[in-house]
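Number of protein chains: 2
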Amino acid sequence: MDATIEPPATAATWMQAAAARARAASATLARLPAEARDAALRAAAAELRARGTAILAANAADLAAFDAAGGTAAFRDRLALTPARVEAMARGLDDIAALPDPLARTLAEWSMPNGLRFKRIASPIGVIGMIYESRPNVGADAAGLCLKAGNAVILRGGSDSFHSARAIHGAVTAGLRAAGVPEDAVQVPPDTDRAHVAAMLAAAGQIDLLIPRGGKSLVERVQAEARVPVLAHAEGLCHTYVHTRADHEMARRIVANAKMRRTGVCGATETLLIDAAIAPALLPAIVADLRALGCDFRADARARAIVADLPAAAARDFDTEWLGPVLSVAVVDGVEAALAHIRAHGSEHTEAIVTADPDAAERFLRGLDSAVVLWNASTQFCDGGEFGFGAEIGIATGRIHARGPVGVEQLTTFRYLVLGSGQVRP
Amino acid sequence: MDATIEPPATAATWMQAAAARARAASATLARLPAEARDAALRAAAAELRARGTAILAANAADLAAFDAAGGTAAFRDRLALTPARVEAMARGLDDIAALPDPLARTLAEWSMPNGLRFKRIASPIGVIGMIYESRPNVGADAAGLCLKAGNAVILRGGSDSFHSARAIHGAVTAGLRAAGVPEDAVQVPPDTDRAHVAAMLAAAGQIDLLIPRGGKSLVERVQAEARVPVLAHAEGLCHTYVHTRADHEMARRIVANAKMRRTGVCGATETLLIDAAIAPALLPAIVADLRALGCDFRADARARAIVADLPAAAARDFDTEWLGPVLSVAVVDGVEAALAHIRAHGSEHTEAIVTADPDAAERFLRGLDSAVVLWNASTQFCDGGEFGFGAEIGIATGRIHARGPVGVEQLTTFRYLVLGSGQVRP
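The listed protein sequences derive, respectively, from chains A and B.
If you count by my numbering, then the first sequence holds residues 3 to 428, one letter each, in order.
If you count by my numbering, then the second sequence holds residues 3 to 428, one letter each, in order.
Since the hints were made in silico from the structure, they are not lab data.
Quantities reported herein were computed from a predicted structural model and do not represent experimental measurements.
One or more of the hints may lead you astray.
If chains are identical, the list can't say which one is meant, so a pair holds when it fits in one copy or spans any two.
The calculated lysine to aspartate or glutamate pairs, modelled on EDC-like cross-linking and capped at a C-alpha distance of 16 Å, are [unchecked claim]:
#1 Lys121 with Glu111
#2 Lys218 with Glu323
#3 Lys121 with Glu251
#4 Lys121 with Asp385
#5 Lys218 with Glu237
#6 Lys121 with Glu364
With the sequences and hints as input, model every part of the structure.
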């Protein structure tokens, strides 16, 4: 590790002790019945509701400091809590408690000719480190998802949300205590020292998995410096491809939703690819729909030959995750050309095809290696809730362990039970 | 990364170019039908057989250099090839070709109330980097397993086996060529420069997964320095626990096999735990069995009170992976004491209980978090072949992505297909 990011002794010492406590708590959690973990989640939800006033007061302190420092409105909105948002956090924990037990799953079961019987069963990962920006609800969600899967978690939220995070942590651990679950299962650092982040990155063998959630620079720093496995949530440069045989109304509806429902989420479409054969009839309507919603464009020459007043795209625009009301547009010649564009410019996150032709859909779905590929649906469905996972801790963009929305099942690992009758190995 | 291990430009340049070629090859491989991947494996096996003489000549060159440098006999045995060992490599590839396609699996399938249908399907990891010591057969096995799962692989074997590895690589790629599969799917560095290892460790975003296989220092270096996810094969400090209600004959047979069948494998038992209630009647026989096989002992005071001439164990002996004919022995008082010992001293690799009591077995199997736990069977069954995986690339000791024996299924990841009928997200 680069000497400049070596954590100073105090933060490193706290993190080592916290991770050891977390390890012990996760061993206890792993052996608790599902009912005990669920009771703890419901007790934590009840404490969040009971302490709503105190949590809002802590949040007000964070907001006052934030305003004094002159932060942006968008950031302030993410930091701010309201009674409704506190209730949403509590309901989130209740919802997680109601999910099926992810540790009750037998993932595979078989026998060998020598009579040995094998079972691959789900088991907790152990100790998870969550590094996130100043969105207080992320801490409550992450705690709930980790606990459900039998994991202990160390939560390091953004400094701007420190008082809010402490108040939420106090409520959650009060719930754990009330339910007889080790409160070391959820821990937060005692201060806003940034060295705690470095200490988490360096905690090889003590933290089993780091989950960074936030802006690109945070995620990239964690990926570059971590000595611990990382489940990263990086870029989503998503494409929607409108095939020659697309239903016009469906294509308009899907493109408008995929781009404009929310432009700041990683599953938002950034580039529209449209077949040359359908573009003259359909592209003007799509442009008009999106303009009415406030969207701007960066279009290639073939698209501008159809809708003359589209702004011209620079080459790099097709490699840009806009995360805003801008859409790159290119006209292509069929499925293979669309696949070639996506392979060259995409981030293997989420892509959709709109077509009435099952063969074209099959070629598109099988021809890509994106974590999520959709046929006749909006890319904005890339979300744990929409996948039926109940809740998600983020969208994984790596290739190891989990891809796409990460719910409670993805927060487990597995182990093997082998049942014999005295077998020895020849 | 520490500046001292920054790879020099030549090795780094080769690795970047190799990884880019591997990426393109893996994209092609991922879209090939299983029949094409299997045909390539069989063609590679045929080339290994056809080039047997040349491979043995290359190996003779490695052995001559090794002997001139005065290497050890054990190391030499791992390095040496024979006609039978070349045939075993070829048969290994044929066996992998005969395995079911790991990419044909639909891992989960469900629908949501809005009509969206979800499929989680297996998909290749992409580009794998394999770093191993001078055992030429490991390269052939790893190439076969990676290809079967649709992955490209860069193989960096030990310098002592360089000529052997090149000759084997030449045969494998000739097979790929003959079968029309991109030969960039299997690559080896052009020379023995150790900087190639550093370049692999630094290849974030270019290599998707590193698999180190070899001694503890190699694995620890990779874990400490890699910027790439690692599937590590580290320590196996495995326990066999003989419960009060064990069948005496079965316990003797299992302990002798678990310790002495092969003492250098990670699944070999290093510590025997035996219940106080059964130890006076059984421990002398176990000791006699093992002594007849050449095993030495490190025993706690309670064991030495039963078999007086057992050497006394130092405290650290229970934390030692002997990897040789030595067994640590401790007398314990029941399942909970055995669990406590294993939790304190084990490496969460492989542990076994011998008992006729299903309740005791259940408490043992559920009370541990080891990757593999066995009931009435030898710990030496921790092996991909014995698990029915057909072949293994190693035994994973981390907690992310895969645990225990790593076969072709564990060399895959997954992605989602989402089938709609025009759905947009509210």
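Taking the hints in turn, this is what the structure says about them:
When the C-alpha separation of Lys121 and Glu111 is checked against a cutoff of 16 Å, the pair qualifies only within one copy, where the shortest distance is 4 Å, while the shortest distance between copies is 21 Å. In the homo-oligomer, the alpha carbons of Lys218 and Glu323 lie at most 16 Å apart inside one protomer (11 Å), although the nearest pairing across protomers, at 42 Å, exceeds that limit. Taking the shortest Cα distances, Lys121 and Glu251 never come within 16 Å of each other, neither inside one copy (49 Å) nor across copies (26 Å). Taking the closest pair of Cα atoms, Lys121 and Asp385 come within 16 Å of each other only across two copies (15 Å); inside a single copy the shortest separation is 31 Å, beyond that limit.
Proximity of Lys218 and Glu237 under a CA criterion of 16 Å is satisfied intra-copy only: 7 Å inside one chain copy versus 36 Å between copies. Taking the shortest alpha-carbon separations for Lys121 and Glu364, only the inter-copy value of 13 Å comes in at or below 16 Å, while the best intra-copy value is 34 Å.
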